[in-house]
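> Listed below, chain by chain, are the residues.
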Amino acid sequence: MKKAVAFALSAAMAAGIFAGCGSSSNQQPKQELNLFTWMGMFPDEVLESFQKETGITVNYSSFDTDETMLQKLSQAKGGDYDLIIADDYIIQTAIEQGLVAKLDKEKLTNLDNVNPIYQSQFYDPDNSYTVPYGAGVQTIVYNPETVNFEITGYEDLWNAALEDNLAIIGNYRVINGMALKTMGESYNTNDVAKIEAAGQKLLELAPNIRLIKDENTQDDLISGEVGAAIMYTSQVTLAKMANPDLKVVFPKEGIGLGIMAQFIPSQAPNPDAAHQFINYILQPEVAKQCFEHLGYYSTNKAADELISEEYKEFLTLPDNFTADSTEMIAPISAEAEEAHVKVWTEFKNACGQ
Amino acid sequence: MKQAKASKKYWATLLPLYLFTILFVGAPLLYMVVLSFLQRAESWGVTSQFTLQNYIQILQPVYLSTFADSLKLALISTTIIVFIGYPFGYFMAKLSPKGKQRMMLALMVPFWTNSLIRLYGWIIIFRANGTLDQLLMGLHITDSPLKLLYTYPAVVVGMVYALLQFMIFAVYSSAEKMDWSLVEAARDLGASPAKAFFTVTLKLTLPGLLSGIILTFIPSMGLFFIADILGGNKVVLVGSLIQDQLVKAHNTPFAAALAVVLMIMTTLMIALYRKISGVRDLEGLL
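Residue numbers (the working numbering), protein chains in the order written: chain X, 1 to 353; chain G, 1 to 286.
In case anyone wonders, no lab produced these hints; they're calculated from the structure. Treat the hints with care, as some may be off.
[Stated by the list, open to error] Only pairs whose alpha carbons sit at most 35 Å apart, straight line, appear in this in silico DSBU-like list of lysine-lysine:
hint	chain 1	residue 1	chain 2	residue 2
1	X	K252	G	K177
2	X	K72	G	K248
3	X	K102	G	K248
4	X	K194	G	K98
5	X	K201	G	K248
6	X	K240	G	K9
7	G	K248	X	K247
8	X	K77	G	K147
9	G	K98	X	K342
10	X	K252	G	K147
11	X	K301	G	K275
12	G	K8	X	K240
13	G	K248	X	K312
[As the list claims (entries may be wrong)] In silico contact screen, one side only, chain G against chain X (beta carbon under 10 Å); selected entries:
hint	residue
14	Y31
15	F37
16	L38
17	Q39
18	R40
19	N129
20	T131
21	L149
22	H250
All C-beta atoms in this analysis are idealised placements derived from N, C-alpha and C, irrespective of residue type, glycine included.
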């Protein structure tokens with residue numbers, strides 16, 4: 001019995017050696033790229049053509065939440081993965097913990113294609129660690145058939161004509177931030193008094209709220225359960241594809257922005273492959289394919305004009321948009337965060353009355 | 001000598017149970033309690049500094065009123081469940097053995113489907129131009145779609161639907177064990193049907209009724225996904241508050257403190273149950 005096992009083992013090892021010889025004598029050693037991100041971030045064709053063009057095999061592994069990603073990355077001490085795509089705020093934490101490597105920009109020849117609106121943000125002010133991938137903005141979408149006035153900004157949502165007819169995102173930084181915006185304040189104020197004032201204003205919005213939901217809000221808008229909704233970009237895309245008559249509003253008070261960015265971990269086994277991948281998807285034609293698949297805003301200004309008419313309205317920012325009219329939601333002090341949670345709970349309680 | 005050996009074996013057979021309890025009940029519980037006295041770190045995680053702040057924070061009116069709202073919803077749902085579930089369980093115990101089996105099966109079958117999917121069924125019934133709207137409009141009771149989904153009554157319906165069978169089974173198991181000749185004796189001695197019910201039947205089925213109340217009241221404080229799905233997230237329960245703190249605010253210590261308070265409340269209720277009913281175990285836990 002023992003002998004048989006030993007024989008099987010040595011046979012397997014021998015096979016391994018031969019296999020190793022085979023590939024090294026013909027070409028370069030096989031390269032791998034360990035990509036770690038949410039599910040479904042790239043169309044299969046893009047991954048396949050990258051593999052064909054560079055000979056690098058992409059190992060795609062996925063996480064559910066940013067927090068899981070950070071946990072795994074810190075357990076691996078910045079190793080295991082070559083390229084990660086995650087949300088802005090968590091990247092800031094990862095950089096602070098020393099888990100992110102600086103980019104070698106000489107290898108990124110297509111870097112100029114990036115739209116500068118999405119660069120130099122709070123999580124990476126010098127753009128030395130990250131390259132943006134998709135961006136999300138919170139927009140108002142409404143059905144002109146059931147809403148009998150024109151919505152141009154957040155302020156209009158307080159209109160009594162919208163009673164019990166509005167769906168909102170269940171994210172207190174976005175919704176409390178919306179009230180802050182109507183008062184001319186920043187999303188990221190640390191001033192507790194201002195946050196509380198925004199909370200007072202939000203209480204007046206409560207009668208209009210029919211629904212607070214993060215996922216599939218587009219269904220309620222399409223079915224007519226609500227007439228207007230504040231939604232994430234991916235949902236806006238789905239809503240517009242189901243009902244092209246819906247109106248998308250970029251609030252005149254300015255929009256909140258979230259960015260998914262790519263970064264290379266500090267101990268990445270194959271940073272070279274990661275640079276190649278970043279550069280590959282920065283090509284306008286490839287980027288266009290990615291964004292049309294993803295349904296998030298294009299951060300690649302060279303790709304903007306390639307995006308087909310069908311998607312253009314909700315994958316690219318309007319021409320008159322500048323960096324001044326956008327603001328990212330950035331981490332705030334613990335007291336401010338606590339004030340937000342309190343304001344949000346009060347608001348939700350008021351909505352249920 | 002022989003006895004000592006036997007008790008050793010007895011311990012050995014119980015060992016897996018103790019290990020399981022310590023590992024999967026005791027340790028997480030301890031972890032949660034310890035966590036509730038720690039402070040959250042500025043950006044992510046917790047610091048190992050002792051604080052009572054999390055508990056002091058719960059005393060703010062907004063969080064107290066969340067507890068009050070949860071209690072209110074639990075009370076409303078439980079009351080409705082008592083009035084539907086008690087008679088149901090009571091009459092089920094009076095069925096023929098075959099009838100009992102069939103009824104039991106009929107009550108169990110819906111459990112073969114995931115509870116979330118069953119809740120989505122309610123959405124189809126309640127939503128604008130949904131089944132119920134079409135029925136009401138077809139019967140000319142209403143002439144335009146009602147806004148039924150994402151309302152308080154929709155949440156109550158969901159709660160009653162999700163928890164009713166716990167009451168039915170608890171009352172049924174109590175009523176089935178009951179000695180019906182006692183009721184007959186009461187009737188023979190001149191008690192009216194109502195009097196016989198209140199003095200004999202109700203008292204004998206009280207453990208079942210009370211355990212049914214516990215089994216519905218406690219979960220209904222925490223079944224936040226029902227409030228989220230059918231109530232459009234507007235009815236804030238302690239459960240949803242805990243979830244918000246964990247998932248959105250990343251304030252684990254505060255979430256732990258909320259959970260500890262919720263657990264103390266449930267423990268008190270079970271202690272009260274034991275005191276009133278004089279029964280140590282919950283009835284009807286199949």
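> With reference to the structure, classify each hint as holding or not holding.
Each hint tested on the structure:
no.: 1; hint: K252/X - K177/G; result: 70 Å, violated
no.: 2; hint: K72/X - K248/G; result: 19 Å, holds
no.: 3; hint: K102/X - K248/G; result: 29 Å, holds
no.: 4; hint: K194/X - K98/G; result: 68 Å, violated
no.: 5; hint: K201/X - K248/G; result: 22 Å, holds
no.: 6; hint: K240/X - K9/G; result: 69 Å, violated
no.: 7; hint: K248/G - K247/X; result: 29 Å, holds
no.: 8; hint: K77/X - K147/G; result: 53 Å, violated
no.: 9; hint: K98/G - K342/X; result: 56 Å, violated
no.: 10; hint: K252/X - K147/G; result: 31 Å, holds
no.: 11; hint: K301/X - K275/G; result: 71 Å, violated
no.: 12; hint: K8/G - K240/X; result: 71 Å, violated
no.: 13; hint: K248/G - K312/X; result: 32 Å, holds
no.: 14; hint: Y31; result: 17 Å, violated
no.: 15; hint: F37; result: 17 Å, violated
no.: 16; hint: L38; result: 13 Å, violated
no.: 17; hint: Q39; result: 9 Å, holds
no.: 18; hint: R40; result: 7 Å, holds
no.: 19; hint: N129; result: 7 Å, holds
no.: 20; hint: T131; result: 13 Å, violated
no.: 21; hint: L149; result: 6 Å, holds
no.: 22; hint: H250; result: 8 Å, holds
The structure is inconsistent with the numbered hints 1, 4, 6, 8, 9, 11, 12, 14, 15, 16 and 20, although it conforms to all the rest.
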